[in-house]
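If you read the sequence shown in the working numbering, its first letter stands for residue 342, the second for the next number, and so on.
Honestly, the hints are just simulated from the structure, not real lab data.
Do not take every clue at face value.
Claimed, not checked - Straight-line alpha carbon distances no greater than 25 angstroms define the calculated SDA-like cross-link-like pairs of lysine to any residue that follow:
| no. | residue 1 | residue 2 |
| --- | --- | --- |
| 1 | K475 | S388 |
| 2 | K532 | S388 |
| 3 | K505 | R464 |
Stated by the list, open to error - Between beta-carbon pairs, the in silico distance windows are:
| no. | residue 1 | residue 2 | range |
| --- | --- | --- | --- |
| 4 | R356 | R636 | 37 to 47 angstroms |
| 5 | A421 | K475 | 20 to 30 angstroms |
| 6 | G369 | M528 | 17 to 27 angstroms |
| 7 | L678 | G369 | 20 to 30 angstroms |
| 8 | D406 | Q580 | 33 to 43 angstroms |
We put the beta carbon where it would ideally sit given N, CA and C, even for glycine.
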Amino acid sequence: MEQFLPNFTWHSPTRVVFGVGRLADLRGLVDEFAGEQARIFLVTGRSSLRARGILGRVVESLGEDRVALFDRVSPYPSPALVDAAAAECRDAGCGVVVAIGGGSVMDLAKVVAIMSGLEGNAREFATGEKVISKPGLPFIAVPTTAGSSSEVTMGAALWDRDEKEQMGLASPHMFPTAAVVDPEMTMSMSKTLAAVTGMDAFTSAIESYWSTEAEPLTDGINLQVVQMFNANLDRSSIQGDIESRANCALAATMSGIAYSNSRPNACHAVGVPLTLHWEVEHGQAVGVTLTTFLRWAAPGIPHKLPALWRALGVHDLDGACDRITRIMTRCGLETRLSG
Numbered sequence: 342m343e344q345f346l347p348n349f350t351w352h353s354p355t356r357v358v359f360g361v362g363r364l365a366d367l368r369g370l371v372d373e374f375a376g377e378q379a380r381i382f383l384v385t386g387r388s389s390l391r392a393r394g395i396l397g398r399v400v401e402s403l404g405e406d407r408v409a410l411f412d413r414v415s416p417y418p419s420p421a422l423v424d425a426a427a428a429e430c431r432d433a434g435c436g437v438v439v440a441i442g443g444g445s446v447m448d449l450a451k452v453v454a455i456m457s458g459l460e461g462n463a464r465e466f467a468t469g470e471k472v473i474s475k476p477g478l479p480f481i482a483v484p485t486t487a488g489s490s491s492e493v494t495m496g497a498a499l500w501d502r503d504e505k506e507q508m509g510l511a512s513p514h515m516f517p518t519a520a521v522v523d524p525e526m527t528m529s530m531s532k533t534l535a536a537v538t539g540m541d542a543f544t545s546a547i548e549s550y551w552s553t554e555a556e557p558l559t560d561g562i563n564l565q566v567v568q569m570f571n572a573n574l575d576r577s578s579i580q581g582d583i584e585s586r587a588n589c590a591l592a593a594t595m596s597g598i599a600y601s602n603s604r605p606n607a608c609h610a611v612g613v614p615l616t617l618h619w620e621v622e623h624g625q626a627v628g629v630t631l632t633t634f635l636r637w638a639a640p641g642i643p644h645k646l647p648a649l650w651r652a653l654g655v656h657d658l659d660g661a662c663d664r665i666t667r668i669m670t671r672c673g674l675e676t677r678l679s680g
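Produce the complete structure using the sequences and hints provided.
Structure, rendered in structure tokens:
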């Protein structure tokens with residue numbers, strides 16, 4: 342009987358601050374973790390926050406004289422871009438890194454924070470030539486999408502589009518110090534962005550549930566995540582109301598907490614070349630194979646399937662695959678690799 346008893350290690354050190362309006366807590370967290378005089382390396386995307394007026398308000402709140410702004414992050418950041426950002430962070434003498442944006446922004450900032458006290462460049466750490474041996478600067482993540490979950494994970498993805506290569510960095514030292522998850526920050530997402538980012542986290546939760554690394558804590562969280570996306574993903578994409586956006590934001594954060602301990606697998610493995618070679622958006626790339634791999638994985642977890650079917654509101658495998666397909670179709674996502 343002992344072989345069937347739980348035996349696991351759980352690790353999730355990021356402080357999560359969640360709720361509408363909680364962006365106002367950012368200044369206090371910066372001062373708590375880095376001190377009231379610390380310079381702040383603020384990482385954002387190219388235009389969205391500025392256009393919405395949020396960037397100006399954040400800089401004013403943090404103190405304009407304290408902020409060194411890096412706003413040149415593009416989707417799928419490269420090692421070279423990370424190196425440029427890390428150099429600016431060091432040159433500015435910053436004591437804390439803050440990221441406000443989607444997965445690409447948070448991943449780049451996460452690597453900048455960890456590289457602050459280490460010798461080497463991003464590619465050397467990504468390839469394992471150099472080892473992440475100690476914590477970096479405090480890092481606070483503020484997601485503006487609901488899907489990458491980077492605000493609570495210890496990993497970051499870098500991309501070399503010229504060489505068709507994706508590189509991952511991961512270390513327990515890379516967990517964000519805090520995540521400020523304010524659903525209001527997701528309200529400007531387009532229908533497509535809400536769909537692809539949500540599908541990323543939805544897929545991650547189901548992969549994490551069938552993973553051989555799964556354990557009771559991840560199972561409980563993942564089932565709740567599946568239930569939340571099942572009820573809210575298409576509504577978040579189509580209607581974009583604050584309630585559905587908030588539920589998806591919370592579900593995405595919970596998904597990251599779970600998959601930090603029970604990792605995504607098959608769908609994400611296939612999704613990488615779809616993005617690198619055919620420029621398929623990441624959430625679409627991982628989601629398009631979800632039903633196929635669910636049929637493959639289901640026979641290996643018969644004891645866990647009834648709970649998954651309940652979370653999806655169905656009775657069997659065919660119903661689950663049909664439900665996932667309907668959600669994707671309503672969100673405008675492709676459900677097949679070819680016509």
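Evaluation of the provided hints:
For the given pair, K475 sits about 33 angstroms from S388 by alpha-carbon distance, which is inconsistent with the 25 angstroms threshold. In summary, the hint linking K532 to S388 is supported, as the alpha carbons are separated by about 18 angstroms, within the 25 angstroms threshold. Between the alpha carbons of K505 and R464 the distance comes to roughly 14 angstroms, so the proposed pair stays at or under 25 angstroms and holds. Separated by about 39 angstroms at the C-beta atoms, R356 and R636 satisfy the suggested range of 37 to 47 angstroms.
Roughly 24 angstroms separates the CB atoms of A421 and K475, a value that falls within the hinted 20 to 30 angstroms. Under the hint 17 to 27 angstroms, the C-beta atoms of G369 and M528, about 23 angstroms apart, fit the expected range. For the pair L678 and G369, the beta carbons lie near 47 angstroms from each other, so the given range of 20 to 30 angstroms is not met. For the hinted restraint 33 to 43 angstroms between D406 and Q580, the CB-CB distance of approximately 41 angstroms keeps it satisfied.
Of the numbered hints listed earlier, those contradicted by the structure are 1, 7.
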